[in-house]
Structure formats: C-alpha cells, structure tokens
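Following the hints, position chains B and C against chain A.
If you read the protein sequences in the order shown, they are chains A, B and C. Residue 99 in our numbering sits at position 99 of the first sequence; the count goes up by one each step and never skips. Residue 148 in our numbering sits at position 148 of the second sequence; the count goes up by one each step and never skips. Residue 36 in our numbering sits at position 36 of the third sequence; the count goes up by one each step and never skips.
Treat the hints with caution; some may be incorrect.
[Unchecked claim] Computed spacing ranges between beta-carbons, pair by pair:
1) A/Asp-58 x B/Asp-49: 43 to 53 Å
2) A/Thr-54 x B/Ser-19: 14 to 24 Å
3) B/Lys-2 x A/Thr-2: 16 to 26 Å
4) B/Met-44 x C/Thr-9: 43 to 53 Å
5) B/Val-32 x A/Val-7: 38 to 48 Å
6) A/Phe-10 x C/Leu-6: 18 to 28 Å
7) B/Asp-126 x A/Leu-69: 28 to 38 Å
8) B/Pro-24 x A/Ala-21: 27 to 37 Å
9) B/Ile-27 x A/Val-7: 37 to 47 Å
10) C/Arg-27 x A/Arg-79: 23 to 33 Å
11) A/Ala-77 x B/Thr-37: 24 to 34 Å
12) A/Ile-62 x C/Phe-75: 31 to 41 Å
13) B/Ser-51 x A/Asp-58: 29 to 39 Å
14) C/Leu-6 x A/Asp-61: 22 to 32 Å
[To be verified] Okay, derived cross-link-like pairs now, BS3-like style, lysine-lysine, Cα gap no bigger than 30 Å in a straight line:
15) B/Lys-70 x B/Lys-135
16) B/Lys-135 x B/Lys-99
17) B/Lys-70 x B/Lys-99
18) B/Lys-105 x B/Lys-70
19) B/Lys-99 x B/Lys-62
20) B/Lys-135 x B/Lys-62
21) C/Lys-90 x B/Lys-99
22) C/Lys-90 x B/Lys-135
23) B/Lys-105 x C/Lys-90
No lab work stands behind these hints: they were computed from the structure. Note that the Cβ used here is the ideal one computed from N, Cα and C, for glycine as well.
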Amino acid sequence: MTMFLYVIGFSILVTMALALARALAGPTVFDRILAVNMFGTKAVLLVAVVAFVTGRADVLDIALLYSLLNFVGVVAALRLVERGSFYATERIHVKTKPGEKL
Amino acid sequence: MKHYISVASLLMILWLLLSGHYNPLMISFGVVSVCFTLWLSYRMRIIDDESHPIHLSGSLIKYWIVLSYKIFLANVDVVLRIIGVRPVEPQLIRIPFPKQDDLSKVIYANSVTLTPGSASIEIYPDSVLVHTISKEGATALLEGDLADIFPAKATQSNEAQQ
Amino acid sequence: MILDWLSYTLITLGALLSVIGGIGLHRMPDFYCRLHAVGVTDTLCSFLILFGLSFQAGFSLATVKLFLIFAFLLFTSPTASFSLSHSAWKWGLTPIGVREDAPSMKIKVREES
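So that you can see chain A by itself, here it is in the shape it has in the complex (with noise of 0.2 Å):
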C-alpha cells in the first residue's frame, strides 16, 4: 500500500518536473503560465497523496487550500501580462476626463 503510493507520487513528481521542462523551454510567457498551472494541479494531486502516505488527513486541508491559491495565482500572473507592466507607465500615459469611456 505504502510502496504502490509511493510509485504514484514518484509518476506525479515525472508530470511535474515535465510542466517545469515546459516552463523553462516555452517559447511564449503564456507557455509558461500554462505549465506552471498544471504544476500547481498537480501539486495539490501530490498532496492528497502525501497525505495517504503518512495516513493524517490534516495534510488534506493544504491541497484544498493550494487548489485555489495556485487558481489565484495563474489569474494575477495573467493580469499581469495582460497590462505589460506593474499598472505603473499605462496609468500615467492615459488621460481621460472623469466619466469619458477608454
């Protein structure tokens, strides 16, 4: 039971250290967000498996945590890239009377 666990934790950490392949070598930044959120799922898999492994379910409240801070996570970075820059130079460049749509 314990070893079979451990093989399946072993075959999660290969997926991850792929994604983690993938973030490295991606030609775009969205290549990059894409395998850092199957990372994150499969973080959160790994987990749920660890916490088989040492048989306390408290483990189990940390991948329910990580599964949405990791969707939170992929959202912020992606809102990111969206404006290009930390909401900084557009603010300033854009000038628009108080009520007057973009």
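Relative to chain A, chains B and C alone:
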C-alpha cells in the same frame, strides 16, 4: 431571500464538514463567520440568480451527468491524439450560443472549455470562438453536440425577470 | 479486498494519464494544443486519482475533503484556461494549421466597444 437562505445553509454545511469539531464553541464560530460572509456578500450585491442559480439545480444535475460522459469520451480521444494513434489537426470555429442570456452563455462556454479537445478563446455577443484539436470534434460541436443536451429551463426565469 | 484492487486500478490509471498529459505538453505543436493536453490532466486524471484515494479513506471526512478538492479543481480549471487562451488570443498568438476561411485576426476587435 431564498438565495440567502440557500447560501447560508451551504456555507454552514461546508463549515461543519471542514472543521470536524462539533462542540458548541466551534459551531458558534461557524455561525458568526457565516453571518459575516452573508453580510459581506449582501454589501457586494453578488448573490442573485446569476451567481447562485438555484432555479436550475434540478436540470443542471442531469446536464452534468451527460457532460461528464462526454468529457470521458473526449479524454480518451485526446489521450489517443497525444500518444500519436490519431492525428492532431487544430481547427478554429465559431459556434452560436444555444441560449442568449448571460448565464447560459457562461455555462456553455465553460462546458466547452472543460471538455478536453475544445477550448473557447473569445466570446462574441452571439457566438463563441472555439479552438478544437481535431476535425471530428469541430464538426461534432458545429452539429450541436453540447447544445443538444443544454438544459431548456435555463432561460425561462431570466427572461421573466427582464 | 475488491475495493482495494479497484482503487489501485483507478489510481494507476490516473497516474498514467498524468504522465501522458506531461508528455503531451512536449509533443503538441503549439500553445493552444497544449491547452488540451493540460485539460486531460485537469479533468479525468485528477478525478481518477482522487476517486481512487477516496476508496482508501472509506466513509469519513477525508472523503468529503477529497470531493471538495475535486470540485474546486473542476470549477477553477475552465476559468483559468479560458483566461489563458483569451489573453493569448488578444495578445496576438495565432494558432497553427488554421483554415483560410477561419476568422482572421481582424475579427478579434470586440464589436460592442
């Protein structure tokens, strides 16, 4: 009002399941935090038919069962394409929405994205731009593979509101 | 005993699917196709692994937590992949192998604004 009752009971059930302690102190903490969450969402005005569609719950369960079967088939298809048994032929198609209200559009685009082998990449007022991995998937979507099983009740209460 | 073997089979299939998804991340030709490879690992792979683990847990709070993890993954993954593909499209990343009569890049200007 019934939305708030439904949300409160769901949140309370979630608290009880996640905490795992059932002494009065922990339950009172749960009641306090549920009330705080309800107050916050009342101030944000985010609980309505759109964010919490209780009028759909019955038909959505049936939809999910059919959708999960389709997701399973699509998974097998994409896995075969990854290991090279079938060819990879990316297609870009524009398919109309089955229903015209916002909630149905969101559910439809989400289902398309959730199915591996097809991903929605742009929403237009009347249609959605979909990237599929194969020609068969593209023709199946154009013929209304997902639109056929779409719950018919989705628009009724929303149109009644407007 | 039968449940044990069932859960072993499910978890093994899930791990196999996750490795296939990782390979697909490298075999697919462009970004939009890689999105589908990640979709496999988000839906069926996580379902098989978490469902198989829930057999090991039996009827307890751990099963509920596994189900909640799966529900969160299921609700967040289409949103994340839609925002990924949408911002890639707006940024101007063209998919490969697209027919000539497909919507061109000019159409991507939103009509309503």
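Violated hints - listed by number, lowest first = Those not satisfied are hints 1, 3, 8 and 12.
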